[in-house]
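Asks: Letter by letter, the chains look like this.
There are 2 protein chains.
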Amino acid sequence: MFQCIGYAAPDATTPLAPFSFERRDPGPHDIQIEILYCGVCHSDLHQTRNDWFNSLFPMVPGHEIIGRVVRVGAQVTKLKVGDVAGVGCMVDSCRRCVACTADLEQYCVEGPTPTYNGRERGSDALTFGGYSDQIVVEQRFVVKIPDTLDLKAAAPLLCAGITTYSPLKHWKVGPGQKVGVIGLGGLGHMGVKFARAMGASVTMITTSPEKGKDALRLGANEVLVSRDAAAMEKARGSFDFLLNTVPVGHDMNPYAALLKIDGTMTLVGALTALDPLMGFNLIMGRKSIAGSSIGGMVETQEMIDFCAAHNIVSDIEMIDIADINAAYERMLKNDVKYRFVIDMASLKKAAAAA
Amino acid sequence: MFQCIGYAAPDATTPLAPFSFERRDPGPHDIQIEILYCGVCHSDLHQTRNDWFNSLFPMVPGHEIIGRVVRVGAQVTKLKVGDVAGVGCMVDSCRRCVACTADLEQYCVEGPTPTYNGRERGSDALTFGGYSDQIVVEQRFVVKIPDTLDLKAAAPLLCAGITTYSPLKHWKVGPGQKVGVIGLGGLGHMGVKFARAMGASVTMITTSPEKGKDALRLGANEVLVSRDAAAMEKARGSFDFLLNTVPVGHDMNPYAALLKIDGTMTLVGALTALDPLMGFNLIMGRKSIAGSSIGGMVETQEMIDFCAAHNIVSDIEMIDIADINAAYERMLKNDVKYRFVIDMASLKKAAAAA
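Protein chains in written order, with the working numbering: chain A, 1 to 354; chain B, 1 to 354.
What the hints contain is simulated information worked out from the structure, not anything from laboratory work.
Here the structure is a predicted model, which is why all the values come from computation and not from measurement.
Some hints could be false.
Since copy identity is lost for identical chains, a pair holds within one copy or between any two.
[To be verified] Straight-line Cα separation of at most 30 Å, DSBU-like style, residue types lysine-lysine; simulated pairs:
| hint | residue 1 | residue 2 |
| --- | --- | --- |
| 1 | Lys234 | Lys78 |
| 2 | Lys348 | Lys260 |
| 3 | Lys260 | Lys169 |
| 4 | Lys152 | Lys333 |
| 5 | Lys80 | Lys213 |
| 6 | Lys260 | Lys172 |
| 7 | Lys337 | Lys144 |
| 8 | Lys348 | Lys337 |
| 9 | Lys260 | Lys152 |
| 10 | Lys80 | Lys337 |
| 11 | Lys213 | Lys234 |
| 12 | Lys80 | Lys211 |
All chains should be modelled from the sequences, with the hints used to inform the complete structure.
Replies: Structural data, given as structure tokens:
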């Protein structure tokens, strides 16, 4: 065991503050990483406030982790000391089930072990995430980050990136296709970049003309304002694929109308109850509504390599860890373009001041 | 024009009664059919009562039509006088759009012309369906029925048959797969027969243990009673494909839980509003909910030929046309196994008695 410092939510109501804890020494298959940057996912905010009623405290959030390898176990072949490593939403899974053996650890039948707000397999020990100076992760759940990427801006790739890349690949988005990305936030802005890089014609579908303008800057070919009834009617039946990044329950019927025959809309954000869907809107056109969760570890490495090849990173705003509670407040107002990333060098300063 | 007799709903509240009307003489591409049998679809009941607020009166229902060809236009090559013909839910479409040119006339961008409760293309004339002695249909929308099929029991294939066959084929149901058919009625009982003939292991998923028993007789390998919470939990994550024939709004969440990773549930019955779906139930497992409407004309012929090869017809109860109003009352109580079929020879008698 070795000592770590982190920034933790002690319970659901107290703001995050410095926190000391122990991590396991790296075993033969483990990689110890000194964390450089950690992205701030919307789920961090929800989990620290127990919005989903499954929070475990104390909680060190963070699952968009970029760091430098400082120590590796004897059996580690994937990375070596000095390499840049990435860790996303999972740090373990059963590795035996139908999902794990198909490199779909995110759908592990037993449930993957979350990077934070979970318990280590076969133990009561809580998992602690990336708002900390170090982390130890089994090599299967670590990806290699090419030095050519802007490392700060690469952090959100580990969650927002893979969450949007995976469905675009699975549903074979590519040249000649018209793809809509619904919602412009941390996920949506990555969806635009990926769909465009995959060769599709990309439309940002948003409630806000202002966001639409920014989507064009990010690479969208067109903007469709979903509150513009005439524009929505004109776009009826024109999309091969829709990536729906809306993070809350909403009415999917107007979006289903945008799909071509045999088109699919994939939800990546809305975990909770959606408004009643009219069966007619799927039956008339053999349309599908699907869901997708992050991606497996092999695919996460593939996504990172795709980003390196296409020079894709997130649009970010850097913060110090001491600013995390204020950052959450801004996220609640959608006041971030498009992801906060914590400079983890600020952690020692914050811990010393505490 | 030539004179026909039919059985019509004069308005949404008066029972069906004898009705005289004219049909067009067959043009060069038309086939004139003397109707032998007509299946009674649930939609007949809804349309005659204007339950969907789109009914056009007077209405001659019926879109599960089997008859003998009595006259063909000069350009007709598909069938000849004396052949047995089938007509389903459509009698025309635009024939130019992306759907029609892909043999998916059911998804015609302009909307296909329904066999009844529609208007002939380029005309105000109402279309009149199969509760009548004769019909004239362009050859593209007529299929050839092999003499080897039980013609009475073949009538429901034209709607209930193709509605279930098409999604099972589209989603590639076959050997090694576990397929669930939700709901045992006119559609569900055909779904069981087709999925089994395609080589899948078939589970009837029903609220009623009694119906479950009958499903085994129809070819289901297993029964899952959806009100049995322990059985539903045990079946979690075990189905490759679910054919959902429930004809009304319902909670899809318990069924989504039955799907394997990447599994699909396809709706063929529920046109109206469904209960709120939890996004989580699709996102965790990359699952899909889709819809499907009847099938194109090429596929309808393929389905008929599949039925001939596998000796598949519907389970039916024959009625005289004079009993149609009583039959509707029984259908409202689900008191039919599994489709009423009208012996159209009874029509002249009913008309004479009127």
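Asks: Now tell me, hint by hint, if it's right for this structure.
Replies: Checked hints:
1. Lys234 - Lys78: neither (50 Å within a copy, 39 Å between copies)
2. Lys348 - Lys260: neither (53 Å within a copy, 46 Å between copies)
3. Lys260 - Lys169: Both, since 19 Å and 20 Å are each at most 30 Å.
4. Lys152 - Lys333: within (23 Å within a copy, 65 Å between copies)
5. Lys80 - Lys213: neither (43 Å within a copy, 62 Å between copies)
6. Lys260 - Lys172: both (15 Å within a copy, 21 Å between copies)
7. Lys337 - Lys144: within (26 Å within a copy, 61 Å between copies)
8. Lys348 - Lys337: within (26 Å within a copy, 75 Å between copies)
9. Lys260 - Lys152: neither (38 Å within a copy, 37 Å between copies)
10. Lys80 - Lys337: For Lys80 and Lys337, neither the intra-copy (34 Å) nor the inter-copy (69 Å) Cα distance is at most 30 Å.
11. Lys213 - Lys234: Within one copy only: 20 Å inside a chain, 50 Å across chains, cut-off 30 Å.
12. Lys80 - Lys211: Neither: 42 Å inside a chain and 62 Å across chains, both beyond 30 Å.
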